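Student: Given only the sequences and the hints, what does the whole structure look like? Please build it.
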Amino acid sequence: MSLNRIINKVEYALFRHRAAVLVLFVLGTLYLLFKATQIQLDAGFSKNIPLQHEYMHTYVKHEQDFGGANNILVSMCDASGDIFNANFFDSLRRTHDQLYYIPGVNRVQVRSLFSPSTRFVEVVEDGFAGGPVIPADFVPDQRGLARVKENVEKAGIVGRMVADDYSCAMINAQLLEIDPSTNERVDTIQFASTLEQEIRNQFETDDISIHIIGFAKMVGDVAEGAKGVLTFFAIAIAITAVMVFFFSGSLMLTMLPIACSLIAVIWQMGLLSVIGFGIDPMSILVPFLVFAIGVSHGVQMINSTGKRVASGMDAKTAAQSSFRKLLVPGGVALLSDTVGFLTLLTIEIGVIRELAITASLGVAVIILTNLILLPVLMSYVRFSKKYQQRAALGSPTADRVWHHLSAVATKPVAAVVLVITTLLFIAASIQSQQLKIGDLHAGAPALHEHSRYNQDTFLITDRFAITVDYINIMVETVPNACTHHDIMQRIDDFQWQMVNVPGVQSGVSLASVAKSINAGYNEGNVKWRVLPRNTQSLVQASAQVETSSGLLNRDCSVMPIMLFLEDHKAETLSRVVAEAKKLALELGDDDTRFMLASGPAGVMAATNEAVSAAQRPMMWYVYGAVIILCLLSFRSGRATAAVVIPLYVVSMMAMALMTLLQIGLTVSTLPVIALGVGIGVDYGIYIVSSMSQMLKDRVPMRQAYYEALKERGSAVLFTGVTLAIGVSTWVFSALKFQVDMGILLTFMFLVNMLGAILVLPALAAFFWPKNK
Amino acid sequence: MKFACHFRSFVVCLIALFPMAKGYASPQPQPAVKAVLAAQSLLTDIVVLENNRLVAVGERGHIIWSDDGVVWQQADVPVRSNLTAVYFIDDRYGWAVGHDASIVHSADGGESWQLQQFAPELDKPLLDIVFKDTYHGLAIGAYGLLFRTQDGGQSWQSESHIELLDEDEQDYLLELKDDDPELYALELSAIFPHFNRLYRDDDLLLMVGEAGFFAISEDFGMHWEMQDAFYHGSLFDIAMLSSEHWLAVGLRGHIFLTEDEGDSWQEIVLSSQATINSIITVDDVVFLSGNAGLWATSADGGLSFSAMTAAEGRPIVNAVPYQDNMILVTELGIQILDLKKPE
Chain A
1 MSLNRIINKV EYALFRHRAA VLVLFVLGTL YLLFKATQIQ LDAGFSKNIP
51 LQHEYMHTYV KHEQDFGGAN NILVSMCDAS GDIFNANFFD SLRRTHDQLY
101 YIPGVNRVQV RSLFSPSTRF VEVVEDGFAG GPVIPADFVP DQRGLARVKE
151 NVEKAGIVGR MVADDYSCAM INAQLLEIDP STNERVDTIQ FASTLEQEIR
201 NQFETDDISI HIIGFAKMVG DVAEGAKGVL TFFAIAIAIT AVMVFFFSGS
251 LMLTMLPIAC SLIAVIWQMG LLSVIGFGID PMSILVPFLV FAIGVSHGVQ
301 MINSTGKRVA SGMDAKTAAQ SSFRKLLVPG GVALLSDTVG FLTLLTIEIG
351 VIRELAITAS LGVAVIILTN LILLPVLMSY VRFSKKYQQR AALGSPTADR
401 VWHHLSAVAT KPVAAVVLVI TTLLFIAASI QSQQLKIGDL HAGAPALHEH
451 SRYNQDTFLI TDRFAITVDY INIMVETVPN ACTHHDIMQR IDDFQWQMVN
501 VPGVQSGVSL ASVAKSINAG YNEGNVKWRV LPRNTQSLVQ ASAQVETSSG
551 LLNRDCSVMP IMLFLEDHKA ETLSRVVAEA KKLALELGDD DTRFMLASGP
601 AGVMAATNEA VSAAQRPMMW YVYGAVIILC LLSFRSGRAT AAVVIPLYVV
651 SMMAMALMTL LQIGLTVSTL PVIALGVGIG VDYGIYIVSS MSQMLKDRVP
701 MRQAYYEALK ERGSAVLFTG VTLAIGVSTW VFSALKFQVD MGILLTFMFL
751 VNMLGAILVL PALAAFFWPK NK
Chain B
1 MKFACHFRSF VVCLIALFPM AKGYASPQPQ PAVKAVLAAQ SLLTDIVVLE
51 NNRLVAVGER GHIIWSDDGV VWQQADVPVR SNLTAVYFID DRYGWAVGHD
101 ASIVHSADGG ESWQLQQFAP ELDKPLLDIV FKDTYHGLAI GAYGLLFRTQ
151 DGGQSWQSES HIELLDEDEQ DYLLELKDDD PELYALELSA IFPHFNRLYR
201 DDDLLLMVGE AGFFAISEDF GMHWEMQDAF YHGSLFDIAM LSSEHWLAVG
251 LRGHIFLTED EGDSWQEIVL SSQATINSII TVDDVVFLSG NAGLWATSAD
301 GGLSFSAMTA AEGRPIVNAV PYQDNMILVT ELGIQILDLK KPE
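Listed in order, the protein sequences are those of chains A and B. Position 762 (the first sequence) corresponds to 762 in full-length UniProt numbering; numbering is contiguous. Position 168 (the second sequence) corresponds to 168 in full-length UniProt numbering; numbering is contiguous.
If you're looking for bench data, these hints aren't it; they were derived computationally from the structure. Small disclaimer: the values here were computed from a predicted structure and weren't measured. It is possible that part of the hints are untrue.
Claimed, not checked - Partial list, computed: chain B residues near chain A (C-beta under 8 Å): (1) V33; (2) A35; (3) V36; (4) L37; (5) T44; (6) N52; (7) N82; (8) H99; (9) P120; (10) D123; (11) G313; (12) P315; (13) V317; (14) E331.
Said to hold, decoys possible - Label-pair restraints from in silico Cβ distances: (15) Q323(B) to H57(A): 53 to 63 Å; (16) P116(A) to E163(B): 44 to 54 Å; (17) A211(B) to V539(A): 19 to 29 Å; (18) T281(B) to K61(A): 50 to 60 Å; (19) S271(B) to G130(A): 15 to 25 Å; (20) D202(B) to A578(A): 52 to 62 Å; (21) P116(A) to T134(B): 54 to 64 Å; (22) V539(A) to E163(B): 33 to 43 Å; (23) Q323(B) to R143(A): 39 to 49 Å; (24) P116(A) to Y172(B): 43 to 53 Å; (25) A119(B) to T535(A): 10 to 20 Å; (26) V539(A) to T134(B): 40 to 50 Å; (27) S193(A) to M308(B): 44 to 54 Å.
Ideal placement from N, C-alpha and C gives every residue a C-beta, glycine not left out.
Tutor: Here is the structure:
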């Protein structure tokens with residue numbers, strides 16, 4: 001067989017030039033370690049966006065005129081519950097100025113009581129009077145503050161720039177993608193820490209609290225929390241090491257697989273840095289997964305070598321023979337992981353593509369570190385006589401356990417196992433129907449509910465009529481459309497009907513503002529709050545609004561309808577989007593198109609739709625890759641089915657678990673299912689490949705499985721339990737995202753292991769009926 | 001809409017383009033949209049019927065009714081123009097008016113409404129309506145709009161009362177009438193001030209409006225007598241506290257009181273500068289509602305008022321006493337003010 005010849009050649013080359021191989025690895029590792037230390041956390045707004053989605057075409061098209069969706073809200077609250085005091089206004093002004101000058105802030109869009117565009121109009125006996133809400137001659141004494149309070153009411157900005165109960169004031173800013181002064185990309189995480197240092201630390205006092213929300217701040221907080229992730233990695237690695245020591249009984253055999261798995265992580269990080277990638281805070285767990293998969297293969301390798309040493313081989317022969325034995329199953333498992341992760345590239349969301357590259361790169365280097373470096377290293381190990389003797393004795397207890405366990409490969413027991421599996425699968429399928437797309441909770445789901453960020457979100461949602469959760473419906477129409485009553489009326493109707501949709505808090509558009517201005521022109525009489533039918537009056541009303549308001553472009557051929565939402569839960573978004581689409585058909589025509597969507601919630605809606613659309617293809621691709629590689633290596637449909645079916649059951653159960661944990665399918669959780677398949681496929685392939693020759697030789701099924709368990713089962717069982725214990729400590733993480741992932745991964749490590757040692761042989765019992 | 005004009009169809013094209021040139025195609029009345037938030041939308045007027053039914057009107061053709069002040073139903077209304085006033089003559093018969101010179105009528109206590117007038121081409125809103133019985137009614141509005149019905153609103157006739165202009169304007173119009181009938185018609189549609197509010201006491205009508213306009217009729221609006229202006233700003237409501245004791249309110253917190261049937265007026269000082277929209281009387285207590293959440297109370301027959309802020313600082317257009325509460329119609333819709341427990 002040609003494959004055998006290739007393996008022979010490789011084996012010969014590697015073990016003949018062991019020193020050279022080691023030198024190469026040492027040099028490579030040193031270089032990549034150096035590179036890995038330069039890797040940075042990297043988060044950007046636009047890479048979380050499905051730029052190919054139709055909503056995002058609308059978003060990108062109008063980004064220039066109407067700003068992006070990367071908003072920052074800074075709310076300052078006075079402890080006394082009333083902002084109208086000199087100290088507060090001084091602080092507010094200084095904070096406004098400070099924010100204005102932070103690099104990356106779109107200065108045109110910084111809005112607060114102190115921005116000149118915050119104006120009021122009022123009606124006096126002989127017409128109109130108006131001016132900035134904070135007059136040029138503002139003195140923060142009792143009279144001056146009373147005047148500002150009056151102006152605030154006249155300007156109708158209560159709920160937007162001032163809290164409903166006057167306890168807080170808001171500064172609204174937008175973050176640019178590119179800093180115009182340096183022409184470089186704005187570093188979101190850096191920006192978030194600048195906010196913390198130059199805004200919160202500088203201006204927060206006992207009297208004034210500062211609350212900051214927005215994508216950049218959220219990512220900053222996640223990145224801050226991600227630092228703690230390293231501690232949990234260390235704990236998980238330590239636990240794994242202790243367990244491997246108990247398993248192998250040799251310090252050397254403990255060190256080697258752990259070291260090789262860590263080298264895989266170093267290589268992964270180094271290579272990422274070499275190709276110019278960073279690590280997204282949401283992908284921070286991937287290096288640990290690489291470590292875990294590495295350990296899984298490493299344990300197989302030391303297990304196999306150890307067993308061979310016990311049977312009397314010397315270290316080099318044992319390592320060489322293990323290499324030959326495990327290169328194919330290990331290689332197939334790792335390749336199918338790699339290909340599976342690579343298929344995530346088809347999903348047109350930047351951050352998932354990054355994850356695809358990060359994860360597939362990591363898994364691919366395990367082939368080098370744990371299938372090549374590890375056996376070469378082990379060939380140098382000098383096993384003590386004591387070890388050899390102890391290993392040679394074997395473990396009669398374990399053998400008894402394996403014997404009992406092998407009963408699942410007999411039809412009566414297998415039938416019971418399969419019935420239970422089927423029932424679980426049905427239950428999981430039904431439950432997984434509940435899997436929701438998008439965030440299921442208000443605030444940032446990656447952070448705990450009691451985190452500062454989420455508390456700030458709740459406070460702002462509570463005290464203001466606005467949040468960062470707004471969606472813009474872009475009305476694309478004819479030039480000077482704001483002079484057409486019919487078009488303005490439709491915009492107004494659209495807005496009103498959307499405001500009636502549950503989950504929409506309030507709305508604003510040129511039409512609604514023009515109505516108020518028209519009332520203003522009619523002595524402030526709200527009975528005149530209409531869109532005038534005659535063109536002159538309509539022009540008079542809409543001409544008052546400047547383009548800087550973000551409600552129209554220069555020739556008012558584009559007018560957004562801003563809808564502020566109560567939250568960005570998946571169901572809220574999908575309800576709002578569905579209703580908006582319905583109304584767009586009803587009220588739109590060829591000249592006036594109500595286009596979805598812009599604004600942070602619009603971006604989220606698009607992302608949800610992209611995630612939803614990607615969910616199925618992603619599963620197909622990942623399973624497709626696994627199935628094809630299994631078919632190629634086993635050349636058996638039955639063997640492939642025996643590996644894949646338990647994996648699929650576990651995928652389904654993982655989705656059901658996500659619904660029970662109230663985890664929605666988002667950009668950050670979508671790849672978890674694919675990663676789960678990657679974790680699980682190893683177990684199945686190792687066991688089936690160990691059995692396949694025996695099955696061909698018509699060895700009875702129970703016998704074959706018993707042998708497979710003795711050879712590799714202990715490693716599978718051990719790996720599953722060890723990694724599960726390691727990740728289960730994550731429930732104590734400060735990052736809610738890590739807690740969720742910890743639970744999901746614990747589940748996947750354990751249940752995939754159970755699938756491989758219980759369901760797989762049960763299936764095999766029926767797939768190979770002749771092996772009695 | 002785009003029109004391709006070929007020579008042959010040039011005339012057709014001109015006709016087709018004409019309504020566009022005016023800025024709008026002649027619009028048809030569209031029924032109001034039923035909305036969950038109708039009771040929280042901008043409301044402009046409210047009445048309470050003798051059977052304790054409340055009926056309120058507001059923007060987008062919203063008419064809502066309630067029998068307890070808590071649970072509100074939105075009625076089917078054939079127009080979606082903003083409504084500005086509502087008037088019921090008894091438990092069943094009522095009318096509401098609004099923009100596009102719309103008039104709608106109900107014969108079942110406000111649960112269903114029929115269209116009596118819709119005239120968007122006038123481009124003027126009606127602002128108030130009164131009836132003296134189920135047949136005779138008067139609707140007034142912007143630019144001197146005045147419609148009368150003698151048949152319960154089956155038909156409405158427009159009236160122009162030259163006597164509601166000052167003498168110079170009257171002379172100017174009479175001159176035009178002979179010289180330039182076209183310009184006369186045009187001026188007639190624009191020369192009058194806005195008529196904002198009517199107060200009816202049997203056949204006696206008091207009418208206030210733009211720029212201090214104030215007129216009295218003793219025969220339900222057949223003939224009017226202009227009164228000397230006592231204020232140059234707009235007046236939004238007038239009420240008789242007793243037969244010779246009247247109160248008028250208007251722009252920027254202005255309050256005027258007469259104790260001699262309007263012969264002489266004294267200004268009452270209010271601490272707020274918000275425009276006052278309506279006068280509400282409950283027994284001997286006078287309440288005023290206004291913009292910026294203004295809610296003022298007088299227990300001394302209007303000689304002095306104490307003001308407070310209600311409705312979250314949003315405009316309060318009108319109110320009715322209901323049980324022990326005051327039901328306000330505001331920019332935020334229905335708001336309930338507990339009268340027993342002043343804030």
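Student: Note whether the CB distance of Q323(B) and H57(A) lies within 53 to 63 Å or breaks it.
Tutor: holds, 56 Å
Student: Taking the least C-beta to C-beta distance, is P120(B) closer than 8 Å to chain A?
Tutor: holds, 6 Å
Student: In this structure, is the beta-carbon distance linking V539(A) and T134(B) contained in 40 to 50 Å?
Tutor: Holds, since V539(A) and T134(B) (Cβ atoms, about 43 Å apart) stay within the stated range.
Student: For the restraint on V33(B), tell me whether the closest CB of chain A is nearer than 8 Å.
Tutor: Holds, about 6 Å.
Student: Is the gap between the beta carbons of P116(A) and T134(B) within 54 to 64 Å?
Tutor: For P116(A) and T134(B) the Cβ distance comes to about 57 Å; the hint holds.
Student: Range hint 44 to 54 Å: satisfied by the CB atoms of P116(A) and E163(B)?
Tutor: With a Cβ separation near 50 Å, P116(A) and E163(B) satisfy 44 to 54 Å, so the hint holds.
Student: Close enough to count: is the Cβ of E331(B) nearer than 8 Å to one in chain A?
Tutor: holds, 6 Å
Student: Holds or violated: the 10 to 20 Å window for the beta-carbon distance between A119(B) and T535(A)?
Tutor: holds, 18 Å
Student: Given the hint of 19 to 29 Å, check if A211(B) and V539(A) actually sit that far apart at their C-beta atoms.
Tutor: With a Cβ separation near 24 Å, A211(B) and V539(A) satisfy 19 to 29 Å, so the hint holds.
Student: Would the hint on D123(B) stand, with a C-beta cut-off of 8 Å toward chain A?
Tutor: holds, 5 Å
Student: Closer than 8 Å between Cβ atoms is the bar; does P315(B) clear it against chain A? Give me holds or violated.
Tutor: Where the cut-off is 8 Å and the nearest Cβ of chain A is about 5 Å from P315(B), the hint holds.
Student: Given T44(B) as an interface hint, is its Cβ closer than 8 Å to any Cβ of chain A?
Tutor: holds, 5 Å
In summary, the one numbered hint that this structure violates is 6.
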